[in-house]
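With chain P held as given, fit chain A with the ligands onto it using these hints.
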Amino acid sequence: MSCVSELSQSNEYLSFRSSIPLRKIVVDSDGSKAWRIFDSGPKSVSCPLICLPPVSGTADVFFQQVLGLAARGVRVIAAEPPPYWNMKEWCDGFKRLIDYLELDKVHVFGASLGGFIAQKFAEVTSNCPRVASLVLCNTFTDTSVFEYHDSAALFWLLPSLVLKRMLMGNFTTDKLDKRMAEAIDFMVERLESLNQSELASRLTLNCTPCYIKPQALLHLPITVMDVWDECALSSRVREDLYKSYPHAKLAHLKSGGNFPYLSRSDEVNLHLLIHLRQFDGTDLSASYISLHKMPAPTNQPEEGTVSYFNQREKVVKIS
Amino acid sequence: MSSRKKALLKVIILGDSGVGKTSLMNQFVNKKFSNQYKATIGADFLTKEVIVDDRIVTMQIWDTAGQERFQSLGVAFYRGADCCVLVFDVTAPNTFKSLESWRDEFLIQASPRDPDNFPFVILGNKIDLDNRAVSAKRAQQWCQSKNDIPYFETSAKEAVNVELAFQTIARNALAQETEAELYNEFPDQIKLNANDNGRNRDGDNCAC
Ligand SMILES: Nc1nc2c(ncn2[C@@H]2O[C@H](COP(=O)(O)OP(=O)(O)O)[C@@H](O)[C@H]2O)c(=O)[nH]1
Ligand SMILES: [Mg+2]
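Those protein sequence lines, which keep their order, are chains P and A. Just so we're aligned: the first sequence equals residues 1 to 319 in UniProt numbering. Just so we're aligned: the second sequence equals residues 1 to 208 in UniProt numbering.
Isolated chain P, as found in the complex (with noise of 0.2 Å):
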C-alpha cells in the first residue's frame, strides 16, 4: 500500500508505527485467519480497553488512542478481526484472542460496527462476562438502521472496488474541516488496504438482521460517544442509543465526522480518560497509575512512554 496521507505521513503516526510492532495472533483452526493487533502499555494490565474498527478500518485508526492513553498508563490493544461471517463466529474468535492475550475482562472501545459488535459480545458473554465496561462511538443498536438487509446474502460476491465504492459514498459531509479532511483521508487508505473477503465479510455483519437487547447490558458502564455533525448516522439512531441504554454518561462531540478518534483524537482521549477513571484503583482498572492524578504540565508530546510494547515473535499460531 503506498501511504500518502497527512496524517499516514505524520510524526505521530511514525512514531507509533516504529514503536509498537503489529501482531498476527491465530486463533481458529483456519490458519490464513489472523488477528491485527498493536498492544501497547504495560503487560501487568490485565483489563486492557481494546478498539474495534469500523468497517473500513484497520487497526491502526486507533493509533492516536494508543499513543495518547498509553502516555497516562494506560495499556491500549487496537484489534482488526480477520474475516468472520457471522455474529457467532466473530463472538467465538474474540473470546479465544481475549484468552490467549490472558486478559479476564476487557473495556471495550468500539467505533460503529466495532461498536456494535462489542454490544453484541458483552450480551452473549453476560453470564460468564468477559467485558467490563464499553465506550460506544457513533454506532448503533439494530443493523436495520442500513438499507442493505436485501443485499447483505450477496456481499460475499461483489467484487471488492464495488464494496469500496458503497463506503466511499459515506465518507464525505458537507461541511469539513482540515483534520476532518485528514481523518477521511487516512481512512480511505485503509480501505483501500483491505481485501474483497474482508471487506465483504464486515459488511455482511454490519447489515445482516440483528440487533442488541439491551437489558443484558444495563449493569456495565457505558459511555455513549457520538459526535452531532453531519455523519453517518442520523440523530433518530443516536437517540434509540440514549433510550437503550439510559445509565449510560453521554459524551457528545460538537463536531468530527464519522471518525473522530482520528479527526479529534484529543477530545475522545479525555472522554476515555474520563470513563476509564472511575475504574481506579480496582481490579479493572486499565491502567497501572492512578488516572486521577492530571499530568504535570508540560508541552512536551506524549509520546515517550509508549515503550511497553510485546517483543513476542510476531505470528502466533495457536493450534
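The reader is advised that the hints may include incorrect statements.
As the list claims (entries may be wrong) - Lysine-lysine pairs mimicking BS3-like chemistry, simulated, CA-CA at most 25 Å apart:
| hint | chain 1 | residue 1 | chain 2 | residue 2 |
| --- | --- | --- | --- | --- |
| 1 | P | K243 | A | K31 |
| 2 | P | K178 | A | K6 |
| 3 | P | K95 | P | K43 |
| 4 | P | K243 | A | K48 |
| 5 | P | K175 | A | K6 |
| 6 | P | K95 | P | K105 |
| 7 | P | K243 | A | K6 |
| 8 | A | K48 | A | K97 |
| 9 | P | K243 | A | K32 |
| 10 | A | K6 | P | K249 |
| 11 | A | K137 | P | K249 |
| 12 | P | K249 | A | K32 |
| 13 | P | K88 | P | K24 |
| 14 | A | K31 | P | K249 |
| 15 | P | K249 | A | K146 |
| 16 | A | K38 | A | K97 |
What the hints assert, rightly or not - Okay, the calculated beta carbon distance ranges per label pair:
| hint | chain 1 | residue 1 | chain 2 | residue 2 | range |
| --- | --- | --- | --- | --- | --- |
| 17 | A | I51 | P | G31 | 29 to 39 Å |
| 18 | P | D142 | A | K6 | 15 to 25 Å |
| 19 | A | Y37 | P | N195 | 42 to 52 Å |
| 20 | A | I51 | P | D142 | 21 to 31 Å |
| 21 | A | P115 | P | D104 | 31 to 41 Å |
| 22 | A | D53 | P | D283 | 25 to 35 Å |
Stated by the list, open to error - Cβ-to-Cβ under 7 Å is the rule here; a few derived chain P residues that face chain A:
| hint | residue |
| --- | --- |
| 23 | S46 |
| 24 | W228 |
| 25 | H252 |
| 26 | D266 |
| 27 | E267 |
| 28 | L270 |
In short, the hints are calculated from the structure, not lab data. Beta carbons: idealized from backbone N, C-alpha and C, even for Gly.
Relative to chain P, chain A with the ligands alone:
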C-alpha cells in the same frame, strides 16, 4: 432551514476550590445537595437537556477541580466552549478577587474568536450563609466594568437562583453557538458532495 439542528452547548465552570462549583452543577442537573465536601479531582462533565425559547438544547457542563491550573487540562477541554461560568463564594473575598485571573486565563486558553463578546456569567454563591463578606453592589460593579457580565446570587444549598442562572447561561451560550455557526467555525471549510445535500438522512447508508 426546515428542521433546525439540535444544539449542543458546552459550558465550563471555573473558580477557586470550595466555592461550590460542583454543588451548583449537581443542584442544577440532579436537584441534589450535600453538605459534605468532596474535592473534585480532574475534570468531569454532566449533560442536561433544557428548553430555551421553545428550542430543546443539550448542555454539556464541565466542572473542574479549581486547583489544577489550566495548562494541565489541555485544549480539548476548552475547545468549542459556548459560555464560561465563574463562581465565587460571597463569604470569602479572596475567591472574588480571583475572578479576574480566572477570566483572563480562560480567554488565553480558549482563545475565543471574539473575546470581548464571549459570554461569561458570574455566580456569587452561598448567599444562605450569614457571614457574607462581598456585597452584591461590589460584585455588580465589577461585572459592569467587564462589559456587563450577567451576575446572579445563588445558593446551591437552598436552590436559590440556580435554575434562573442556568437558564441565562443556556440562552447566552445558545446565542454564542448560533453566531459561531453563522460565522462558520471552519475557515478552511471544504465543500464536497455539492449535489448530495438532499440525501435522505433517515435511511442511513452504512457504518463506514
Ligand atoms: N452553605 C452553603 N454551602 C455550600 C453551598 N454550595 C456549596 N457549599 C458547600 O461548600 C463546600 C464546597 O462545595 P463544592 O461544590 O465541592 O465546591 P467546588 O470545590 O467549587 O466544587 C461543600 O461542603 C458544599 O457543601 C451553598 O450554596 N451554601
Ligand atoms: Mg468541585
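Here's how the hints hold up against the structure:
1. K243(P) <-> K31(A): 22 Å, holds
2. K178(P) <-> K6(A): 23 Å, holds
3. K95(P) <-> K43(P): At roughly 19 Å apart (the allowed maximum being 25 Å), K43(P) and K95(P) satisfy the hint.
4. K243(P) <-> K48(A): 15 Å, holds
5. K175(P) <-> K6(A): 16 Å, holds
6. K95(P) <-> K105(P): 10 Å, holds
7. K243(P) <-> K6(A): Cα-Cα ~17 Å, so holds.
8. K48(A) <-> K97(A): Violated. K48(A) to K97(A) sits at ~30 Å, over the 25 Å cutoff.
9. K243(P) <-> K32(A): 24 Å, holds
10. K6(A) <-> K249(P): 19 Å, holds
11. K137(A) <-> K249(P): Status violated; Cα separation ~40 Å.
12. K249(P) <-> K32(A): 18 Å, holds
13. K88(P) <-> K24(P): 21 Å, holds
14. K31(A) <-> K249(P): 18 Å, holds
15. K249(P) <-> K146(A): 36 Å, violated
16. K38(A) <-> K97(A): Holds, because 24 Å separates the two Cα atoms, which is no more than 25 Å.
17. I51(A) <-> G31(P): 29 to 39 Å: 59 Å, violated
18. D142(P) <-> K6(A): 15 to 25 Å: About 21 Å separates the Cβ atoms of D142(P) and K6(A), which means 15 to 25 Å holds.
19. Y37(A) <-> N195(P): 42 to 52 Å: 59 Å, violated
20. I51(A) <-> D142(P): 21 to 31 Å: Between I51(A) and D142(P), where Cβ atoms are some 29 Å apart, the hint holds.
21. P115(A) <-> D104(P): 31 to 41 Å: 50 Å, violated
22. D53(A) <-> D283(P): 25 to 35 Å: 49 Å Cβ-Cβ, so the 25 to 35 Å window is violated.
23. S46: With a minimum Cβ separation of about 24 Å from chain A (threshold 7 Å), the hint on S46(P) is violated.
24. W228: 5 Å, holds
25. H252: H252(P) check passes; min Cβ-Cβ to chain A is 5 Å, inside 7 Å.
26. D266: 4 Å, holds
27. E267: 4 Å, holds
28. L270: 5 Å, holds
In summary, the structure is inconsistent with hints 8, 11, 15, 17, 19, 21, 22 and 23 from the numbered list given earlier, while agreeing with the others.
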